[in-house]
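Asker: Chain by chain, the residues:
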Amino acid sequence: MKRSKGLSLLLSVLLVLALGTLAFSQEKGTIEIFSWWTAGGEAEGLQALFDIYNRLYPDIEIINATVAGGAGAHAKAVLKTRMLGGDPPDTFQVHAGKELIDTWVKTGFMEPLTDLFQSEGWVDVMPQGILDIVSYEGDYWSVPVNIHRANVLWYNKQIFADNGLNPPQTFDEFFEIADKLQEQGIIPLTMGTKDGWEAAHVFETVLIAKLGAEGYSGLWTGETKWSDPGVTEALETFKKMVTYVNPDHAAFTWDEAYEYIIDGKGAMGIMGDWVAGYFFSKEYTDFGWVPVPETAGIFDALSDSFGLPKGCKNRDNVINFLKVLGSKEGQEAFNLKKGSIPARTDVDRDLFGDYQKSVMEDWEKDVIVPSVMHGAAAAEGWVTEFKDVISLFVARPDIEVTQKALVQVAERAGVAQ
Amino acid sequence: MKKTRGEKILTFLFILPSVILIAVFVYGFIGWTGWISLTKWKDVVPDFTFVGFKNYIDLFHNLRFQIGLKNILVFTVLFLVVSIAIGLLLAILLDRKVRFENVFRSIYLFPMAISFIVTGVVWRWMLNPGTATTGSLGINMLLDKIGLGFLKSGWYTDPNVGIKAVVIPAVWQMSGYVMAMYLAGIRGIPQELSEAAQVDGASNWQVYRYIILPLLQPITLGAVIILTHISLKIFDLVVAMTGAGVGFSCDVPALFMYDTTFRGNFFAQGAAIATILLIFVAILIIPYLRHGLREGS
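Respectively, the protein sequence lines represent chains A and B. Take the first sequence: its letter number 107 is residue 106 in numbering that gives the first Met the number 0, and every next letter is one higher. Take the second sequence: its letter number 56 is residue 55 in numbering that gives the first Met the number 0, and every next letter is one higher.
Simulated from the structure, these hints should not be mistaken for laboratory data. Among the clues, some could well be false.
[Unchecked claim] As a list, the in silico DSSO-like pairs of lysine-lysine whose alpha-carbon atoms are at most 27 Å apart:
#: 1; chain 1: A; residue 1: Lys-309; chain 2: A; residue 2: Lys-281
#: 2; chain 1: A; residue 1: Lys-238; chain 2: B; residue 2: Lys-232
#: 3; chain 1: B; residue 1: Lys-53; chain 2: A; residue 2: Lys-79
#: 4; chain 1: A; residue 1: Lys-403; chain 2: A; residue 2: Lys-238
#: 5; chain 1: A; residue 1: Lys-105; chain 2: B; residue 2: Lys-53
#: 6; chain 1: A; residue 1: Lys-403; chain 2: B; residue 2: Lys-151
#: 7; chain 1: A; residue 1: Lys-327; chain 2: A; residue 2: Lys-356
#: 8; chain 1: A; residue 1: Lys-224; chain 2: B; residue 2: Lys-39
#: 9; chain 1: A; residue 1: Lys-79; chain 2: B; residue 2: Lys-151
#: 10; chain 1: B; residue 1: Lys-39; chain 2: A; residue 2: Lys-403
#: 11; chain 1: B; residue 1: Lys-232; chain 2: A; residue 2: Lys-403
#: 12; chain 1: A; residue 1: Lys-264; chain 2: B; residue 2: Lys-151
[Claimed, not checked] Residues from chain B that keep clear of chain A, each with C-beta distances beyond 10 Å, as calculated:
#: 13; residue: Ile-8
#: 14; residue: Ser-17
#: 15; residue: Leu-37
#: 16; residue: Val-43
#: 17; residue: Leu-62
#: 18; residue: Val-80
#: 19; residue: Met-111
#: 20; residue: Tyr-207
#: 21; residue: Gly-246
#: 22; residue: Ala-253
#: 23; residue: Phe-265
#: 24; residue: Ala-281
[Claimed, not checked] Per label pair, the in silico range of CB-to-CB distance:
#: 25; chain 1: B; residue 1: Phe-59; chain 2: A; residue 2: Arg-81; range: 31 to 41 Å
#: 26; chain 1: B; residue 1: Ile-56; chain 2: A; residue 2: Asp-161; range: 51 to 61 Å
#: 27; chain 1: B; residue 1: Leu-283; chain 2: A; residue 2: Gln-168; range: 53 to 63 Å
#: 28; chain 1: A; residue 1: Asp-138; chain 2: B; residue 2: Val-280; range: 39 to 49 Å
#: 29; chain 1: B; residue 1: Leu-62; chain 2: A; residue 2: Ser-226; range: 10 to 20 Å
#: 30; chain 1: B; residue 1: Arg-293; chain 2: A; residue 2: Ala-415; range: 51 to 61 Å
#: 31; chain 1: A; residue 1: Gln-181; chain 2: B; residue 2: Tyr-55; range: 40 to 50 Å
#: 32; chain 1: A; residue 1: Ser-226; chain 2: B; residue 2: Arg-293; range: 51 to 61 Å
#: 33; chain 1: B; residue 1: Thr-48; chain 2: A; residue 2: Glu-175; range: 28 to 38 Å
#: 34; chain 1: A; residue 1: Arg-81; chain 2: B; residue 2: Arg-208; range: 53 to 63 Å
#: 35; chain 1: A; residue 1: Glu-213; chain 2: B; residue 2: Phe-59; range: 36 to 46 Å
#: 36; chain 1: B; residue 1: Asp-143; chain 2: A; residue 2: Arg-81; range: 42 to 52 Å
All residues carry an ideal CB built from backbone N, CA and C; glycine is no exception.
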């Protein structure tokens, strides 16, 4: 009796297992899409892409694998353990540029997508600047879905009008305005530094201002030395800027700090153009924008993209998803929600708002430089250490020590100084 | 009863699977981490070139690591002293045969059942100092309302407070556990000892000072060990509550380890931090284990 009980237990376990595999093999097919888009406009943008994909391929089930966390901090950790453990998601979000090339392409984790770029005609509709940052050794490695601009100064129009001010073109003007605003009891520059990267983002734009497009880009290739007096000047300027920032910046993420601007308590902020999406989601429209002082004519760019990892389980489904991602329809649907501009230049501009239209114009005529805090300009190790140095500088603004640290960080990243 | 040879082999066979599993998945990986910390692996692709103790030397020159070490020291000392003081006090009070002892005991012990992540999020809100826009929030608002406004602080947003603000939720969570340990210890002391002292005319204070406290020494040692190893490994509470803070004022080595390994791809450096943390914990635990083993035999 006892034995037969054990036997039946064993049999039922086997049955369950068999049914499980059966059910699994009967599924029509899935695609697992990995990203860190969980907030406001970005999640809606992703959903818009899913909707198109579902319409075209109704049999395929989409697994939306998101890991929340600003700038993908936690998502990237999960992604790395999965990739190194031989369990890659079918496709994943990655910043185009060094983050894509140095972390995943050079190390042999990705499949090239050159054939897809040619058959879909993307080489003709995407600008060279963006094609360059997804290529390595003559191949294309990921499909860019959008372009963001990082060097934007946002301001509260009402405050500027009330005080008879014009948005600053230079840092001299910026500090003049900041002094006037401070006298009025208004926070001149709002910033939230809780996640650790926001201060470095602002500093990146100051570097561009002080070194120019070529000098700034050279920092990441070794053509500009980090001991350059331009870097010293940028640190001096940034140090002075920090004195005009809301003192409680450590309690906020970037978006929480922008509440000050919406409430009319803060006047200006420097951040990428996801701010536009944030303002819209808060139904705030009375904002103005100009390039960060002394960076007019320069476009500090970053781009989100998706690639094809080697050994993914549903290769055909991924190819189809990438086709949707690169299509005119897909790029329009996504970027309308996300607040960025499409990587393709042949989209219908009338669909987009004033801000996005102005960015599209700048994108065509400006000099394009890669953003460092958002993965385009330097390898992840360098970015992490750069971010840490600037984070410290905000609390301990010692210019000499910081510049030395920046030189060391560059040397460790393998760029001779 | 002496074991036969067959029984000995059987015993050995029974513990063999767990010995193998622990050898591989605990000690094997500790050894692996130690080995990685001596290589120059700093990419998603492993690079096992041997570099000796370079990673360790670099680490001790790293400002963020130095700050983290200082923070973990401050955190550990404050966390230990305050948790043990509060735990002991609660245990002594509960031992006074109060009514509803069970209820109080559960209330004090409950926080321990919560994950540090939950504690961290809740205390992040409670210790949010508030701004000019919102006015005081959380604890600061409470202090305002009860007329203790001068005690208001920027808490974790103030670089001078930083990690000390994280001590508050850690103590809140763990002091109940210390209380439970002490309460069990006090209950384990034979009544006759304190009664005899009282007959000899000892005051309550003297009974605690000269009889109970000395007899609680092993408990204190146990509490110190447990709390210190929790404190050295602290990660989840800091991540959920503050992150690295202004100028790394809330940073701890475990958080740096996560950052440098998974954001920066410095796998060797991450392994070196892990090894240093292991050594710290080992310095503490090994004498305790040896002490315990000697007493056991």
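Asker: Now look at each hint and say whether the structure bears it out.
Answerer: The hints, checked one at a time:
The hinted pair formed by Lys-309/A and Lys-281/A fails the criterion: a straight-line CA distance of about 41 Å is larger than 27 Å. Of the pairs offered as hints, the one joining Lys-238/A and Lys-232/B is violated, with about 35 Å between alpha carbons and a cut-off of 27 Å exceeded. The suggested pairing of Lys-53/B with Lys-79/A holds, with an alpha-carbon distance near 25 Å, which does not exceed 27 Å. As the CA atoms of Lys-403/A and Lys-238/A are separated by approximately 16 Å, the hinted pair is consistent with the 27 Å bound.
Of the supplied pair hints, the one linking Lys-105/A and Lys-53/B holds, its CA atoms being roughly 25 Å apart against a limit of 27 Å. As the CA atoms of Lys-403/A and Lys-151/B are separated by approximately 38 Å, the hinted pair breaks the 27 Å bound. For the given pair, Lys-327/A sits about 16 Å from Lys-356/A by alpha-carbon distance, which is consistent with the 27 Å threshold. At most 27 Å may separate the alpha-carbon atoms for a hinted pair to count; Lys-224/A and Lys-39/B meet this at roughly 25 Å.
Among the hinted pairs, Lys-79/A with Lys-151/B is inconsistent with the structure: their alpha-carbon atoms are about 42 Å apart, more than 27 Å. Taking the CA atoms of Lys-39/B and Lys-403/A, the gap is near 23 Å; set against the 27 Å cutoff, the hint holds. Between Lys-232/B and Lys-403/A the CA atoms are separated by roughly 32 Å; this puts the pair beyond 27 Å, and the hint is violated. At most 27 Å may separate the alpha-carbon atoms for a hinted pair to count; Lys-264/A and Lys-151/B meet this at roughly 23 Å.
Its beta-carbon lying about 26 Å from the closest one in chain A, Ile-8/B satisfies the requirement of being farther than 10 Å from that chain. Separation of Ser-17/B from chain A is adequate, the least Cβ-Cβ distance of about 24 Å exceeding the 10 Å criterion. Every CB of chain A lies more than 10 Å from the CB of Leu-37/B, the least distance being 18 Å, so the non-interface label holds. The beta carbon of Val-43/B sits about 5 Å from the closest Cβ of chain A, which is not more than 10 Å, so the claim that it is off the interface is violated.
The Cβ of Leu-62/B does not lie farther than 10 Å from every Cβ of chain A; its closest approach is about 6 Å, which violates its non-interface assignment. For Val-80/B, the condition that its CB be more than 10 Å from all CB atoms of chain A holds, with the nearest at approximately 27 Å. The beta carbon of Met-111/B is kept farther than 10 Å from every beta carbon of chain A, the shortest such distance being approximately 26 Å. Distance to chain A confirms Tyr-207/B as a non-interface residue, since its nearest Cβ pair spans about 43 Å, more than 10 Å.
For Gly-246/B, the requirement that its beta carbon stay farther than 10 Å from each beta carbon of chain A is not met, with the minimum near 2 Å. Non-interface call for Ala-253/B relative to chain A: holds, since the shortest CB-CB distance, roughly 14 Å, exceeds 10 Å. Distance check on Phe-265/B: its Cβ comes as close as 6 Å (rounded) to a Cβ of chain A, failing to clear the 10 Å threshold; non-interface status is violated. Taking the minimum C-beta to C-beta distance to chain A, about 26 Å, the non-interface status of Ala-281/B holds against the 10 Å cut.
Taken as a hint, the range 31 to 41 Å holds for the pair Phe-59/B and Arg-81/A, whose Cβ atoms sit roughly 33 Å apart. The beta-carbon spacing between Ile-56/B and Asp-161/A, approximately 57 Å, falls within the hinted interval of 51 to 61 Å. Range check, Leu-283/B to Gln-168/A: Cβ separation about 60 Å, and the 53 to 63 Å hint holds. Take Asp-138/A and Val-280/B: their Cβ atoms lie about 48 Å apart, and the range 39 to 49 Å holds.
For Leu-62/B and Ser-226/A, the Cβ-Cβ distance of about 19 Å falls inside the hinted range of 10 to 20 Å, so the restraint holds. Arg-293/B and Ala-415/A have their C-beta atoms about 57 Å apart, which keeps the hinted 51 to 61 Å range intact. At about 46 Å, the CB distance of Gln-181/A to Tyr-55/B agrees with the hint of 40 to 50 Å. Restraint check, Ser-226/A to Arg-293/B: a C-beta distance of roughly 59 Å satisfies the suggested window 51 to 61 Å.
In this structure the hint that Thr-48/B and Glu-175/A lie 28 to 38 Å apart at CB is violated, the actual value being about 54 Å. The hinted window of 53 to 63 Å between Arg-81/A and Arg-208/B holds, with their beta carbons roughly 58 Å apart. Remark: the range hint 36 to 46 Å for Glu-213/A to Phe-59/B is upheld by a beta-carbon distance near 38 Å. The hinted window of 42 to 52 Å between Asp-143/B and Arg-81/A holds, with their beta carbons roughly 48 Å apart.
In terms of the numbered hints stated before, the structure departs from hints 1, 2, 6, 9, 11, 16, 17, 21, 23 and 33, listed from lowest to highest.
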